[in-house]
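Protein chains: 2
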Amino acid sequence: MEVDYSKIKTIGFDADDTLWVNETYFREAEDKFADLLTGYETKNKIDQELFKTEIKNLELYGYGIKGFMLSMVESALELSNNQISQATILEILNLGKEMINQEVELLEGVEEVLAKLKDKYRLIVLTKGDLLDQERKLERSNLLHYFHHVEVLSDKKEVNYMNLLEHLEIDTKEFLMIGNSLKSDVLPLINIGAEAIHIPFHTTWQHEEVSVDKNDYKYLKINKLTDILKYLK
Amino acid sequence: MEVDYSKIKTIGFDADDTLWVNETYFREAEDKFADLLTGYETKNKIDQELFKTEIKNLELYGYGIKGFMLSMVESALELSNNQISQATILEILNLGKEMINQEVELLEGVEEVLAKLKDKYRLIVLTKGDLLDQERKLERSNLLHYFHHVEVLSDKKEVNYMNLLEHLEIDTKEFLMIGNSLKSDVLPLINIGAEAIHIPFHTTWQHEEVSVDKNDYKYLKINKLTDILKYLK
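Protein sequences appear in the order of chains B and X.
First residue of the first sequence? That's 43 in this note's numbering, and the numbers climb one at a time after it.
First residue of the second sequence? That's 43 in this note's numbering, and the numbers climb one at a time after it.
Identical chains blur together in the list; that is why a pair holds if it fits in one copy or across any two.
Pairs of lysine-lysine, DSS-like flavour, derived with a Cα cap of 25 Å:
#1 K139 / K94
#2 K98 / K139
#3 K199 / K215
#4 K162 / K51
#5 K162 / K266
#6 K49 / K162
Rather than coming from a laboratory, the hints here were simulated on the basis of the structure.
All chains, full assembly: derive it from the sequences and hints.
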């Protein structure tokens with residue numbers, strides 16, 4: 043696809059699975075959760091029911107580890123018909139605490155890309171999820187000094203982006219968003235008239251998957267973050 | 043105390059227990075939690091242990107209802123020596139969900155004060171806690187239109203205020219903060235050279251209590267929000 047990013051002045055980066063590994067840890071936690079529930083249901087059924095509980099609670103809890111922990115506890119009670127042991131519930135809580143304490147693992151080329159872009163563009167981080175979780179990860183990532191601004195949004199819909207761009211006085215046409223989620227980091231931006239680049243991560247949470255006719259949307263898809271350096275001089 | 047607020051251009055309002063009732067619902071939840079644990083420990087011991095668990099988890103979970111829910115579950119397991127029934131754990135989760143769904147009850151005079159101040163000052167909301175919880179409460183409060191900006195902070199320490207004022211390009215000397223917590227809404231502001239007004243709420247979470255020599259700090263203490271109209275013309 044031919045692209046022209048000469049107008050771009052500000053670049054927004056998603057964080058989870060764009061700058062650092064995230065979804066992988068949720069997948070690992072789901073596997074451990076299924077192990078704890080072994081005997082009550084099949085792995086497949088356990089995965090499905092946990093996902094259903096998460097989606098049911100999403101409006102209440104929002105994105106992030108704490109909501110995930112609460113949904114695991116609820117789901118364990120439900121799947122076991124209240125038979126799951128108290129000790130196992132404590133293990134579920136500890137599983138979540140480990141996730142919160144997880145080290146931050148940067149994705150390949152992140153530092154190189156940010157270092158090359160930071161003098162020419164205004165770089166910002168736009169992430170959704172739990173405020174404290176995201177601030178903690180940014181702190182641990184040692185990437186903060188590359189960014190002019192960090193915003194944690196409760197959701198990444200068109201209205202969230204529009205409000206934020208207005209607040210930061212960023213012209214929509216001069217804004218480029220980069221992220222791994224078509225649903226959260228790409229489509230809403232295209233819809234409001236900004237630019238977006240999609241970098242898929244190998245693992246995507248079911249809730250972030252969308253089915254759209256991709257021909258309706260004009261955006262660049264690349265394989266790895268360093269590829270953006272070919273398009274942004 | 044004699045005060046001069048003639049330089050003030052921006053007023054920051056805390057939200058929980060300044061604009062609307064909050065702590066009361068936590069206190070009610072703690073009472074219900076103690077009822078659920080009846081038989082395992084005294085009410086006093088249950089309160090103490092829950093508080094200890096909350097403080098222990100504060101760095102991990104931050105402020106807000108979800109962290110409170112997780113601490114209640116953990117505390118129930120601990121206080122009962124893993125004997126608490128699975129059905130009771132589900133009740134604890136439901137107790138938290140009710141808190142999240144709680145209607146917003148504005149404190150006396152809030153609308154009147156905001157309406158009178160909004161044309162003369164730039165009004166902002168500065169609250170700490172869970173991003174989604176606070177956005178939801180603001181939405182339900184119908185107060186959003188009075189505010190130029192809303193910021194949910196992960197904490198309210200001096201550094202949080204300094205970063206925010208810098209980001210919003212607010213001169214510290216032209217900023218006045220109003221809130222119910224001496225620790226979070228008053229002292230850090232005085233320390234960075236801004237102004238602050240303290241309006242105590244009848245209930246204060248133990249963690250928000252501070253012991254300082256109040257003579258060391260110059261701030262106005264008033265009884266109810268409408269009293270600020272005497273000082274801000």
